[in-house]
Structures are given as structure tokens and as C-alpha cells.
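From first to last, the protein sequence lines stand for chains A and B.
The first sequence: position 178 = 178 (my numbering), numbered continuously.
Plus 1000 on top of the position in the second sequence (first one is 1) and you've got my numbering.
No lab work stands behind these hints, which were simulated from the structure alone.
Treat the hints with caution; some may be incorrect.
[Stated by the list, open to error] Cut-off 27 Å, straight-line C-alpha distance, at most; resulting in silico cross-link-like pairs (DSSO-like, lysine-lysine):
(1) 6/A - 1054/B
(2) 1106/B - 1158/B
(3) 1158/B - 6/A
(4) 180/A - 1146/B
(5) 121/A - 176/A
(6) 1146/B - 1158/B
(7) 1158/B - 26/A
(8) 1146/B - 1054/B
(9) 6/A - 1146/B
(10) 1146/B - 176/A
(11) 180/A - 121/A
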Amino acid sequence: MNDDIKTLWRNQQTEYAPMPLDEIRKRAGQFHSRVCWRNIREYAASAFLVCIFGFYIWLFPAPLMRLGSALIIVALLYVAWQLHRRGAAMALPAEASASAWTDYYRRELVRQRDALQSIWKWYLGPMVPGLVVFLLGAALQTPPAAHKQEWISITITFGIVVFGGVWALNAWGVRKLQRKIDELGG
Amino acid sequence: MTSANQDESYRLAVSEHGAALGRLVRAYEADPELRRDLLQDIHIGLWRSFAGFKGQCSMRTWVYRVAHNIAASHVTRRMRMRKQVSLDMLEELPDGENLEVSTGEKQKLEALMAMIQTLGPPDRQVILLYLEDLDAAAISEIVGLKPGAVATKIHRIKAVLARRFHERSVS
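Isolated chain A (complex conformation) (with noise of 0.2 Å):
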């Protein structure tokens, strides 16, 4: 009887006629230039912001601010070269789809949990020094003087609060990848 089934599902009509071989070239070239651009972007923000606080060095003139200034432009290019870097390891290589599917999943799922696990190290974590300073100096130097104390503490907290909570995000991210590898037996 389920030979029934199966004849009805391979007798089933399918609706697409397959593209034509310069079409997926195109459109497989059309992926490689999707992820330049992606690359271009990010590398064009980088400069951007690199611009950006060159001009606060050079517009403000509290020491704590300017350092801060330098020390974020210092993580930007930081940041750039790692993307650079890793640009090759963002995605598995064409033919590793042809793996069987647990092995393909299970790689996946590890690239995945090791980007998110490691993304403080290159990607949070050398923009923490820069951006404090920079919160410090301007907590520093905006207020009246009677609210300073306030100010540094309020810049303090957000600070935790924002960092502390792409923290905790992040390892539930890897928690939960970590149990999808582990149900693999990974």
C-alpha cells in the first residue's frame, strides 16, 4: 500500500522548469557580489565612524574625550582587520552542502556558536576602553560641576546595562547552540 503513496508522490506534477545554465551563473555570481558589498559596507561604516571621531579629537578638547577619541579609532580598524580576516570563514564552502545533513548542520552549528562566542574578543570587547574613556571625558566635562558625580555614575550604569545585556544575549545565543550541537551528539 505504500507503494501507492510513493508512486502518487513521484506522479505528482511540479510546477518550475529548471533555469538555464547561464542563469545560475549569473546568479551565483550575483551571490559572491552580494557578500563584496556586504564586506564593502562594513568597512565603509569603519571609515565613516574612523571620520567621525578624528573630528571629535580634533573638535574637543578634554584630554579623557580625545583619548577615548583615539582609542575607538584604534578598535575601528581593529575591528576592520578582523572582518577582513574572517571574511573567508563567515560561511561554509560551496561544496561542504554536499555533506550528510548531521555533519553539514553540526559544522554550521559550531561556526555558528564560535562566531557568537567569540565576538567580544574582536568585535565588543576592543570597543569597551575607547568608549568609556570617551563617556568618562564627556560625563566630565558637560555637566555643571555640582552633578558630576551623578553624571559618572549614570554613564557607568548605562554602560553595564547595554554591554551587560549583549552579554547575556549573547551567551543565550551559545547556550542554545551548545544544546543543538550536544542533541547532535556534537
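Let chain A serve as the given structure and place chain B on it in line with the hints.
The following block gives chain B in isolation, referenced to the frame of chain A:
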């Protein structure tokens, strides 16, 4: 592999397995527009993958692996919010009013499709490959599960299909 070989392998793969790819995307994506996109992604992925094809396995295994991996990734992205069930749960579920399949092949096919679309990988892969008439060893090679595990899943699939489709057809 040279570019000409890559093209030739792709052509051969599509001529032999193109229809199966069409059936596969129907089982993975209900939305016609997204289905078309998924099929295109599979064709592009298949063509790209043939650059690394050196006869590591049969062409059929290679084609099904690429297609199922791309489709399963698509489902994972699309269906994070939608509940999926396992074959075990399917065995325990009541037949349900959407599986009134005793009237005609079209409805039977629709009911089968609806049932398959509730399954998560790898159960969905196993049932689709079973319906394509592959044996447990071939399915095991494609999905990466042990042959024993595949055999168990096929046993359950047979039971579910018999209960849902045969008994109603007879009655």
C-alpha cells in the same frame, strides 16, 4: 573539477533528479513565491557544489545532500516560530480532520504534503527520501544517521502512512 565538467555534472544532475528537486521544494515550502526562490537557491547551490565534486559519493547522494541541506537551512530560518513535530509525535497524534483523504488523489497528496510540512529535519528528509524510493542505506548516507536509526524511522513512517492513508481509503 574544470568549469566544463562542473556544467556537465550539473546538467546531468538536473536531467536525472530535476523532478525530484521539484517535489522536494513542494514539501519544504508551502508559499509558491518562496518555493520558487528555494528551488533557485538549490540549483545555484548544486551548481556551485559541483566545483568540489570528485566522485566522493554517487551523484544521486551528492544531489540529495545538497538539496536537503539547503532546504533544511531554509526551513530552520523560516520556521523558527512554527511548531514542528517528530515522527514519534506523529504516531501519537489523532488522525485529525485535515487528513480526510479518502476522496481522490489530489486531496491525498495535499494531506501527505501537510503532514510532511509539520516534520522537522531529519524526519522530513527521511520521509521524502523514502517516498523517492531510496532504501535505508542510501538514506543513511544522505542524512548521516546510522542505518539502524533510519530503519527505525522508516518503520514508523510506514506505520503512520498506513494508518493515515490506507485505513481511510479502505473504509
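Hints, one by one, checked against the model:
| no. | hint | in the structure |
| --- | --- | --- |
| 1 | 6/A - 1054/B | violated, 31 Å |
| 2 | 1106/B - 1158/B | holds, 20 Å |
| 3 | 1158/B - 6/A | holds, 11 Å |
| 4 | 180/A - 1146/B | holds, 18 Å |
| 5 | 121/A - 176/A | holds, 20 Å |
| 6 | 1146/B - 1158/B | holds, 18 Å |
| 7 | 1158/B - 26/A | violated, 42 Å |
| 8 | 1146/B - 1054/B | holds, 24 Å |
| 9 | 6/A - 1146/B | holds, 23 Å |
| 10 | 1146/B - 176/A | holds, 25 Å |
| 11 | 180/A - 121/A | holds, 24 Å |
Violated hints, in rising order: 1, 7; the structure is consistent with all others.
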